[in-house]
Amino acid sequence: MSHIWSMIAQRLALGLLTLFIVSVLIFLATELLPGDFAEEILGQSATPETVAAIRRELGLDQPMVTRYFQWLGGAVQGDFGNSLANRRPVAELIGTRLGNTLFLALYAAAIAVPLSLALGILVALFRNSAFDRIANASALTAISFPEFFVAYILILWFAGAGGYFPSLSTLRGDPDLLEKLYRAFLPALTLTLVVTAHMMRMTRAAIINLLASPYIEMARLKGMNPMRVIVKHALPNALAPIINVIAINLAYLITGVVVVEVVFVYPGLGQLMVDSVASRDMPVVQAVALIFAAAYVLLNLLADVLSTLSNPRLIHRR
Amino acid sequence: MRNSSLISGGVNRRGVLKGASALGGAALLGPMGAKMARAQPMRGGTLRMGISHGSTTDSLDPGTWENDFTNLLAYTRNNYLTEVAADGTLVPELAESWEASADAVTWTFTIRSGVQYHQGGTVTAEDVIASINHHRGEDSTSAAKPIVDPIVDMRADGMNVIVTLSEGNADFPFVLSDYHLAILPSVDGAIDITSWDACGPYMLEELEWGVGARLTRHDGYWKTDRAHFDAVELIAILDAAARQNALISGEVDFIDSVDLNTVHLLQRAPGMNVLAVTGTQHYGLPMDSRAAPFSDNHVRLALKYAIDREQIVETILNGYGSVGNDHPIGPSNRYYNTELEQKAYDPDRARFHLQQAGLDSLDVDIHLAEAAFAGAVDTGVLFAESAASAGINLNVVREPNDGYWSNVWMQLPFVATYWSGRPTEDWMFSTAYADGAPWNESYWSNERFNELLVAARPELNEDLRREMYFEMQQLVSDQGSTIIPMFASFVMAHSDALARPDVIGANWRDDGLRIAERWWFA
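Heads up: the sequence lines are chains A and B, in that order.
Residue numbering for the first sequence is 1 to 318, as defined by our numbering.
Residue numbering for the second sequence is 319 to 840, as defined by our numbering.
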């Protein structure tokens, strides 16, 4: 087991390095965008004097390198600074939105992961049947439509006049869990439709790949029923690729859902990122980008650890 | 000409009367107008509004207010010295009365006494000075700095505030109704831009930038016949389809902007009222008058005659607007020139002006982005089509929305712009047409125009002013360097549950942004 711990430690160290590189890249990319915070926030109303006054006040007239290291100095001590736009601490600005984003991602994952695993196993079992084709075709159809289109269709069917679910998912006040689940149902369902195909088809492919192996042949020759063959014998050996594809989709659910947020008016990190990039609000852009990068690093690490654990040959390595 | 065509074309197949009334300034309204207006205002209810703007980067600093969310919040939460009434006239708000010296340089405002802040305390003359000073001075980061720049001195005398301007301005009290110039409590001559305190009709209870705000009625509000709702909610819904859906499914009572492509569908839904108001909002295509070929007025005129305004209003605005005449003054303004000939699409005349400029044909690029106004790129494409038959090859260059105002507008020679307009002629002209004004987007400089502008500003004689503003509109229209093809209506929608006054404001969206104060539940 000890080599797993050392792998985790090593990967976390590499992850920190990745985050540092990401922060440099994001900073440079924000600098490369035309216009700075002062110009963007004033928009059509900008005059040279007010632009200069804002730059003076926020220290934007400092050289680029100085500003980066000022930010980095704070960041390594856990202080991500204040938003340039409304001077609120970045941590406070991100806090509730991060919670909302994670809630929606977990909600969608809680529906999508079991659903796609179950469907994947079933279509592997009944491969090449009508059921297999229908399931595949529907999943591919859902993933092929743009997210906003899927969202509008769901609103049309399930919200609208006298609908079952609200079309606005805005969480106001302090809703209890049931209310939150109810309000966020349509966005979660939209995301489920978008990510299911990938995971389902990977599960199917990974299982079918193994079905030609001698040990599966053996199990079948012993007269085991097909379901048992797949779940008990094929699935454990197919877990590694499935876990990896689930990790990638979970990361996507955290980082890539801005369109769904906009359509359902759900206050998550995506919209915050878009607004902050549009106004060149560097401290917020950096913090959100680091959260997104960390999500990828950690989920990939988790996937690798789980893949290792699922494979006795890797745990009991000599 | 324009007014009569608007009125005769008023009730069209969509059953909505569009356009402003010829006199007065305010506009008129959906088919239900007359019936609903008779009801007496009733107290109570929570007004929920879906707002088309709202960003996580907004703030409570009045100097940064710039979108429909911050501005609507501003008038819902604050009071100002003066108010532009629904009919376009100026009425007192926190300033009970005012008077000017004969040269309109020195203004004395008497501040209403006993006006309460939400968190206690009353409005003082010192608060007024601090609130306006927030936008003035060397270190001001306020977008409103240019409009308060003419103030050279302010002092308090009891409840009077005496303002001295650098030059006379007969319209100065109008300036004080601007959304940036909210009156806020002050300590030691400075306002606190993080405080939630204010003195307007509703007080902030919840606020999450980019998401929404909830306000409750301010019980001590001094206007006893206004602010009928118990609470008001502003919900930022940026997506047009989501906004429309929220209204139809009853999650909001009012939406501030309707997608013009689907407005006919909304009209068909039961219990929905679409409201179109034409005021001073206009879309334009400024040309850099210093740069060839636009430095030649004949080239500018050729382009003005090569654009098919009627087609653009019908296509881009889906009919919700009126044609513009290349000057920024709308029918709702006091001194709107009714005698000016309306420019129309005339390829022969365009060709004639090209010849006058010594050209057989013209090749120009126009740089457009939707950031300027919705439909800007399509406007360019239509323009290119109609201009082709006049021998003008207009090349439409699509620019990114991001950074449009800092990298394209006023940087490249032929672009698109929008203005919500201003309540007075002087304000509009001084902002975007005066020589050397920071937002003179066409870099236009006309000696006669600038003389008239300065002469009309302090003039207290109405007839003389009218004459001067008429001539200035003529000058901008015939010699100016901005094509203004259309005045765009504010198109809003609300459910049957809401009732509103007969006349609603045309100076901004949302009944002059004062919907929370003026409307009620039927």
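Simulated from the structure, these hints should not be mistaken for laboratory data.
Since we're looking at a predicted model, the values are computed, not measured.
There could be a bad hint or two in this list.
Claimed, not checked - Only some residues are given here: those of chain B computed to face chain A with a beta carbon under 10 Å:
#, residue
1, G432
2, D510
3, T512
4, G528
5, R561
What the hints assert, rightly or not - With a cut-off of at most 25 Å between alpha-carbon atoms, the simulated SDA-like pairs for lysine to any residue come out as follows:
#, chain 1, residue 1, chain 2, residue 2
6, A, K180, B, K541
7, A, K180, B, D557
8, B, K541, B, Y761
9, A, K180, B, A840
10, A, K222, B, A549
11, A, K180, B, A559
Built from N, CA and C at the ideal position, the CB exists for glycine as well.
Tested hints:
1. With its C-beta approaching chain A no nearer than about 33 Å, B:G432 sits outside the 10 Å limit, and its interface hint is violated.
2. Because the closest C-beta pair between B:D510 and chain A is about 12 Å apart, greater than 10 Å, the hint is violated.
3. Checking B:T512 against chain A: minimum C-beta separation of about 7 Å stays under 10 Å; hint holds.
4. Interface restraint check for B:G528: the shortest CB-CB distance to chain A comes to about 6 Å, inside 10 Å, so the restraint holds.
5. With 10 Å as the threshold, the beta carbon of B:R561 comes within range of chain A, its nearest partner Cβ sitting at about 9 Å, so the hint holds.
6. Simply put, A:K180 and B:K541 have alpha-carbon atoms about 39 Å apart, too far for the 25 Å limit, and the pair is violated.
7. Simply put, A:K180 and B:D557 have alpha-carbon atoms about 22 Å apart, close enough for the 25 Å limit, and the pair holds.
8. Taken as a hint, the B:K541 and B:Y761 pair is broken in the structure, with Cα atoms around 44 Å apart against an allowance of 25 Å.
9. Distance restraint check for A:K180 and B:A840: the Cα-Cα separation of roughly 32 Å exceeds the 25 Å cut-off, and the hinted pair is therefore not satisfied.
10. The hinted pair formed by A:K222 and B:A549 fails the criterion: a straight-line CA distance of about 73 Å is larger than 25 Å.
11. Distance restraint check for A:K180 and B:A559: the Cα-Cα separation of roughly 23 Å lies within the 25 Å cut-off, and the hinted pair is therefore satisfied.
Violated hints, listed in ascending order, are 1, 2, 6, 8, 9 and 10; each of the other numbered hints is respected by the structure.
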